[in-house]
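With chain A's structure known, arrange chain B on it following the hints.
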Amino acid sequence: MAEDGLNSFMTGPDEAGRFGIFGGRFVSETLMPLILDLEERYNHAKTDPTFWAEMDDLWKHYVGRPSPLYFAPRLTAHLGGAKVYMKRDELNHTGAHKVNNVLGQIILARRMGKTRIIAETGAGQHGVATATVCAKFGLKCVVYMGAHDVERQAPNVFRMKLLGAEVIPVTSGRGTLKDAMNDALRDWVTNVRDTFYCIGTVAGPHPYPAMVRDFQSIIGKEVRWQLAEQEGEGRLPDTLVAAIGGGSNAMGLFYPFLNDPSVNIIGVEAGGKGVDDRMQHCASLTGGRPGVLHGNRTYLLQDPDGQILEGFSISAGLDYPGIGPEHSWLHDVGRAKYVSITDAEALEAFQLCCQLEGIIPALEPSHALAHVMKIAPTLPKDHIIVMNMCGRGDKDIFTVAKHLGVTMKV
Amino acid sequence: MTRIDDTFARLKSQGKKAFVSYIMAGDPDVATALAVMKGLPAAGVDIIELGLPFTDPMADGPTIQLAGQRALEGGMTVDATLQMVRDFRAADQKTPIVLMGYYNPIYSRGVDRFLAEAKEVGIDGLIVVDLPPEEDAELCIPAQKAGLNFIRLATPTTDAKRLPKVLQNTSGFVYYVSVTGITGSAAAQAGEVGPEVARIKRSTELPVIVGFGINTPEAARTIAGVADGCVVGSAIVKEVGAGKPAADVLAFVADLAKGAHSA
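Sequence lines, in order, name chains A and B. According to full-length UniProt numbering, the first sequence is numbered sequentially starting from 1. According to full-length UniProt numbering, the second sequence is numbered sequentially starting from 1.
Looking at chain B on its own, in the form it has when it is part of the complex:
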C-alpha cells in the first residue's frame, strides 16, 4: 500500500471524490512553489502532482510550458525538485505526491539512481507522459519494483483493443485525459467523459481520475461526478504565472477542491 492507495481507501470510506492539483516545481521560484505546495492539503487537495520542469514539454499547452520555462530560468534542477519534496515531507507524511514530467531528465540522471532518490524523499508515484506501455521496460517496471506507483494516461484514442495494454502495468490510479489535445486546452465535457470513464472502470479496479480542460469549481464538480476524481493543472499554474501570492493561489485551489468534493 502506498500513500496513494491509502488516500483512495480513505476517500472511498468517506464517499468523497478525489481532488488532485498540479503545480510546477520551482515556479516561479522554489520558495513560492514550496509555500503553495505546503498549503495544498489544507486547501483540500487530496493528491499533489508536482511537475518536473523540462525544456521540451510536448504534451503541454502554453500555460505549463511557460511555467517550466520560469522554473528553469530560475535555476530549477532535478536535485532542487527532490529537495522540495523532502522539505514538504518534513511537515506532511500523509499527502501523496506524484511527480509528473518527461523521461529525459530521469533517463539522464540514471533510472536506478532516480528511483532510489525519489523513494527516499517521499515521492509516491510517477506520471511520465512520453513513456507509453510499449516502453514499459524503461521506467514503469523498475518503478513498480522500487515501490513507486506508475500512473498511466488513458486517452480518447485508447480503444478497446489497446486498453488492456494500457492498464496492465498501471498502479495507483488511471489518469484519463479528457480531450485529444494538450494541457490547458478545450473544456472537458462531462457527457463525453462519463461513458469513457465507465468503459475504463469495467476493465480495472483502480480509481479513474480525469484531467485536462478542467478550470472552474463547477467543471471540477461535474467531471469529478462522473469519475473518481479530477485533476486541475493549468488553471492553478495560470494564477502562479500571474504573480499571485501563495495565499491567493491557495484560495483559488480551495474553491476548486470544494467543487470536486461537492460531487
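Same shape as in the complex, but just chain A:
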C-alpha cells in the first residue's frame, strides 16, 4: 500500500491521466486536442480562487449546500450496532449529488467559450442536473438517453424538456446508458469546436475522472467538519459506504479520507440478480476484468473476446458495465473494499429507510444502505458509519411499486 508517505493515495492521476494502470486517454485523434485543452483549462481553474468562489456561491445559494449530515437514530437502534449517519445529498437542488459536478463543468465550459452542452444520462438524474444548470446560464443543452430508459424514466424526460433541453433517445447498440455515452461521444467528435461534453461520472478520458472527483469531493470535505462538529474535534468516521455505478458519489465521499488509515472505505456495486456467470449484474469490480472503453482503462463487464456486456440492475443509475478508473486502482491497491448488493436486498433497504427514517431513498443509495444493514449489527456501538444518501427516490417509486406488485396509474 502506501510506500512514499502520507499523500500517496491522493496524488493521482499522473501526467498521462493514469491511476496505476487505469485511466488514460483512449479517444480518437479528433478529440485529443480538445481534451488536452480541457486539461490545461481545468488545471488553471482548480488553482484559481475566483473559480472556486463562483462554485461556493452557487453551491450555497443555488444547490443548497452544505447538505446535512444526519444521525439516523431509529435505523441505528433497529440495527443494534454501529452509529449510522447519512450524508443527505438527496436534498440538493435536482435531488441528487449530480449537480455538484455539473456546476463545475458548466462554469468551466463557459470559461472555454463553449455554447452547446451535451450529456449522457441513465436514470435521468445527470441529464436533469445538466438541463437545469444550462437553463440557469442560457446554454443550449442536448441529452442522450437510451431509448429503453426514456420509456421507463418518463418523468425525468419531461423534466429535462421543461428545462429546455433536447432529449435524444438512443437506439444504437441496445439503447442503454453505455450506448447513450457512445452517441454523446459521436456528437462531440462531430461538433467538437463549439460543444462541451459534460460527463456525469468519474469515468471517460483524462481529465474527466479527476475533474469530476474534485467537484464531488465537496461531499467528503463537508462530512469531515460536520462529523467533528457532532462527535467532537478530530473524530473521523470509522467506515464510509457508498453505492457505485460509475462511482462519482462514492469518489466524492471517499477522496478526502483516502489518507486516513483508520477510515474503512467500502464501495457497493449493483449485484442485480446475483454476481455469478449469468452476468445479470453491474458489478464491474467483483465480476469484470480490466479493459478499455469510453476513453479509459478500467474494470469492465466483457466476454472472453473483449466485447462489452450489458449491465443489469433494478437501478437505472447503476446500469453501466464499467466503473471509474480510480476505483479500479483503489480496488487493486487494496485501499478500498468493494462488495455487491442484489436488487432484492436494495429493495428491502429502500422500504426500511422509508419506514424508520421518513426518507425515501433512490434505489442507488439503497444499495449502500443494504450493505450498512449487513455490517452495522456486527460492529460496536461507538463505531461510526457514514453512508452517502446520494439521491432521493421520487424517480423510483414506479419501479419499486412494480416490484412490490402494486399497480399505479400514471
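Calculated from the structure, these hints are not laboratory results. There's no promise every hint is true.
Unchecked claim - Facing chain B, a subset of chain A residues (Cβ under 10 Å, in silico): (1) 17; (2) 32; (3) 34; (4) 36; (5) 172; (6) 174; (7) 179; (8) 181; (9) 289; (10) 290; (11) 292; (12) 302; (13) 308.
As the list claims (entries may be wrong) - Listed next, with one range per pair, are the computed distances between beta-carbon atoms: (14) 234/A / 141/B: 48 to 54 Å; (15) 169/B / 138/A: 40 to 46 Å; (16) 169/B / 37/A: 18 to 24 Å.
Heads up, the beta-carbon is just placed ideally off N, CA and C, and yes, glycines get one too.
Showing chain B alone in chain A's frame:
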C-alpha cells in the same frame, strides 16, 4: 518493406492513386464477407481495410455500427477474423490488409499474442481508432517492433503544433479524416481537404490517404485527386447491409475504384 510499402511504390511508378476499401469481418456472415474480400483486388482495390467488430464503435456512424452488430450476432470473433485473413492469403499474397477497429478486443486477447497471430496470418497494418499518440506504448510501438505498420489518423483538429506527434510513430500511410465526425457522415469537400493534405505532406514522406464522407465514384475521383488515394467504407458496407450478393457489391466497388484510379 511491408506489402503496404510495396503497393505504394508500385502505384507511384504507375502514376496512380490508391483505392482503399473497407468491409466488416463477418458481415453479414463469414462466407459472404470472405467472398467479397476475395473479389476486392480484381475489382480494383489496392489496399483492404478489414473491420474488427466491436460492440461499442464510438467513431462510427450507424452504417458501420449495424455491420458490427450483424457480425457479432452471427458469432464473429477475433479468432474468426484472423481465420478470414488466413483464408484470403491462401490465394492472395500481394494485397495489403489493414485491420481496423478498437483497442479492447486486442487488449483483451493480449497485445503480444495478438501481434504474433496478426503477423502470422498475413495482416500488414493496424488502425486502432481509440489509440492516439499519447497511448503509443500500448500497441503502436509493439506493433512496429512486430513488423506491422501502425497507421495513424490525422484530423481537421490536428493542428500544426500537434501534427509532428501524430506523424512520429506512424508508418505505412497517414489516414486523413476528411471531416470532424463519424464514419458515413457529411460529404468530404475536395476544396477543404486539398490544403489539409498538402499541409500534412509537407511534414512527412508517407502517402496521405483520405477517408470519411466519400460515397460515389465521382467523390472518389475528386478526393483521390487531392491526395495519394482515398478510402470508401460506409457506402460499401451499406450495400452489404442491403443484402446484396457478393457480385453486386463487387460491381459497386469496381465503379468506385475506377473513379479513384481516374484521378
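How the hints compare with the structure:
no.	hint	in the structure
1	17	holds, 8 Å
2	32	holds, 5 Å
3	34	holds, 7 Å
4	36	holds, 8 Å
5	172	holds, 6 Å
6	174	holds, 9 Å
7	179	holds, 8 Å
8	181	holds, 8 Å
9	289	holds, 8 Å
10	290	holds, 8 Å
11	292	holds, 5 Å
12	302	holds, 7 Å
13	308	holds, 5 Å
14	234/A / 141/B: 48 to 54 Å	holds, 50 Å
15	169/B / 138/A: 40 to 46 Å	holds, 44 Å
16	169/B / 37/A: 18 to 24 Å	holds, 23 Å
In this structure, every one of the numbered hints holds.
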